[in-house]
Amino acid sequence: MPALRGFLWLLGFLLLGETLVTLTCLPVSAGVVGLLLLTAWLRLHGGGLADIAAAAQPLIAVLALLIMPGVVGAFFILDALEGQWTAILAALIGGTLLSVLTTLWLMRRLMGAPDENASP
Amino acid sequence: MTALLDHLLTTPILAIALTLAAHVAGARLLKALGAPAWCPSILAAALLLAGVLALLSIDYADYRRGAAWLMLLLGPATVALGLPLHQQMPRIIALWRPLLACLPVAVILAAAYAVGIAWWLGAPPETLAALAPKSVTAPIALGINAQIGGPVSLMMGGLLITGVAAVIFVSLVARLLGIRDERIIGLALGLNGHAIGTVRAFEIGPVAGAFASLGMSLTGILSALFLPLAWRLLGA
Numbered sequence: 001m002p003a004l005r006g007f008l009w010l011l012g013f014l015l016l017g018e019t020l021v022t023l024t025c026l027p028v029s030a031g032v033v034g035l036l037l038l039t040a041w042l043r044l045h046g047g048g049l050a051d052i053a054a055a056a057q058p059l060i061a062v063l064a065l066l067i068m069p070g071v072v073g074a075f076f077i078l079d080a081l082e083g084q085w086t087a088i089l090a091a092l093i094g095g096t097l098l099s100v101l102t103t104l105w106l107m108r109r110l111m112g113a114p115d116e117n118a119s120p
Numbered sequence: 001m002t003a004l005l006d007h008l009l010t011t012p013i014l015a016i017a018l019t020l021a022a023h024v025a026g027a028r029l030l031k032a033l034g035a036p037a038w039c040p041s042i043l044a045a046a047l048l049l050a051g052v053l054a055l056l057s058i059d060y061a062d063y064r065r066g067a068a069w070l071m072l073l074l075g076p077a078t079v080a081l082g083l084p085l086h087q088q089m090p091r092i093i094a095l096w097r098p099l100l101a102c103l104p105v106a107v108i109l110a111a112a113y114a115v116g117i118a119w120w121l122g123a124p125p126e127t128l129a130a131l132a133p134k135s136v137t138a139p140i141a142l143g144i145n146a147q148i149g150g151p152v153s154l155m156m157g158g159l160l161i162t163g164v165a166a167v168i169f170v171s172l173v174a175r176l177l178g179i180r181d182e183r184i185i186g187l188a189l190g191l192n193g194h195a196i197g198t199v200r201a202f203e204i205g206p207v208a209g210a211f212a213s214l215g216m217s218l219t220g221i222l223s224a225l226f227l228p229l230a231w232r233l234l235g236a
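Residue numbers (the UniProt record's numbering), protein chains in the order written: chain D, 1 to 120; chain L, 1 to 236.
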């Protein structure tokens with residue numbers, strides 16, 4: 001039962017996100033707005049935390065399963081590259097390598113000493 | 001055989017069963033291989049699934065129609081990421097200054113590197129537009145795509161390749177730079193590799209997962225605000 005009550009909480013925040021996105025016409029997804037609303041709710045009020053955890057933890061655990069249908073699509077889009085595949089792959093893979101390098105380097109500089117409690 | 005397959009594909013059950021089977025088999029396979037850090041379990045599972053679809057000659061569009069039932073849960077699952085974000089809030093607040101300085105730069109660079117390389121190699125403007133939201137989570141990227149243009153299939157493909165590449169590169173580069181801080185690795189995964197990176201971050205640990213959720217949602221929101229504006233300013 002707690003998991004079902006928690007799932008209802010999640011659906012409620014998703015619908016609230018969808019409503020806000022529709023009303024403001026922002027190109028942001030309902031899920032991400034719902035995520036931020038849930039975080040704000042838990043921070044400010046904290047109601048239903050145990051129920052939300054009962055639904056959220058199993059859902060997060062199967063997140064890999066839920067995105068798999070989309071990931072498989074990557075193997076079926078080679079036709080869509082329309083003969084410019086060198087430029088596209090170089091941009092995606094090279095660009096990602098460069099931005100990963102920059103992000104890690106920048107964050108290490110800015111964050112300073114590693115968090116002692118970081119490993120659970 | 002084809003008639004039977006067509007019949008089985010009339011309900012989403014087969015697509016869901018294949019996805020679950022690939023998920024379980026991928027996890028087993030990786031465990032047997034000693035879980036190498038450069039190969040995320042999602043990649044192994046997706047490769048297996050793609051192989052099975054090709055072997056049974058199931059059209060990807062048919063598979064995806066059935067699997068849409070599974071993907072429907074992505075909405076509530078995205079909202080659920082608010083829970084780890086809340087649980088790690090003290091750690092995040094303690095870092096608000098470096099996060100505020102780092103995130104906008106990293107978000108702009110994630111798009112600028114790819115667009116720059118593609119432009120330098122002579123890709124046309126529509127292709128550049130399709131590549132720009134490459135580090136943004138799919139639902140937000142679709143919204144950005146509607147504003148700046150470019151072929152949708154190419155954009156979606158770019159997202160997927162970026163996600164997988166980000167997972168591989170973050171583990172390689174972090175080892176190269178000697179970074180073991182879960183907060184930095186998680187943030188880099190969410191920022192560059194959207195949902196695929198976030199899934200990988202939760203495999204590393206709850207702290208990495210929470211920072212990846214933060215990176216993914218803020219990248220999505222900042223890109224949604226910044227990319228359409230930048231596109232208009234550049235006159236592309």
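Just so you know, the hints here were simulated from the structure itself, not pulled from any lab data.
Please note that the accuracy of each hint is not assured.
Below, a sample of chain L positions facing chain D; criterion: calculated Cβ distance under 7 Å [unchecked claim]:
| no. | residue |
| --- | --- |
| 1 | MET1 |
| 2 | THR2 |
| 3 | ALA21 |
| 4 | VAL79 |
| 5 | TRP96 |
| 6 | ALA114 |
| 7 | LEU131 |
| 8 | ILE144 |
| 9 | LEU160 |
| 10 | ILE179 |
| 11 | ASN192 |
Bear in mind the structure is a predicted one, so any value in this text is a computation, not a measurement.
Here a beta-carbon is modelled for each residue, glycine too, at the ideal position from N, C-alpha and C.
Here's how the hints hold up against the structure:
1. MET1: Interface hint status for MET1/L: violated (22 Å vs cutoff 7 Å).
2. THR2: violated (19 Å)
3. ALA21: With a minimum Cβ separation of about 11 Å from chain D (threshold 7 Å), the hint on ALA21/L is violated.
4. VAL79: Holds, because the Cβ-Cβ distance from VAL79/L to chain D comes to roughly 4 Å (cut-off 7 Å).
5. TRP96: Since the shortest Cβ distance to chain D is 11 Å, the answer is violated.
6. ALA114: holds (3 Å)
7. LEU131: This interface hint holds because 6 Å falls under the 7 Å limit.
8. ILE144: holds (6 Å)
9. LEU160: Since the shortest Cβ distance to chain D is 4 Å, the answer is holds.
10. ILE179: Check passed: Cβ of ILE179/L comes within 6 Å of chain D, closer than 7 Å.
11. ASN192: For ASN192/L, the interface hint holds, since the closest Cβ of chain D sits about 5 Å away, which is under 7 Å.
The structure fails to meet hints 1, 2, 3, 5 from the earlier list, while all remaining hints are met.
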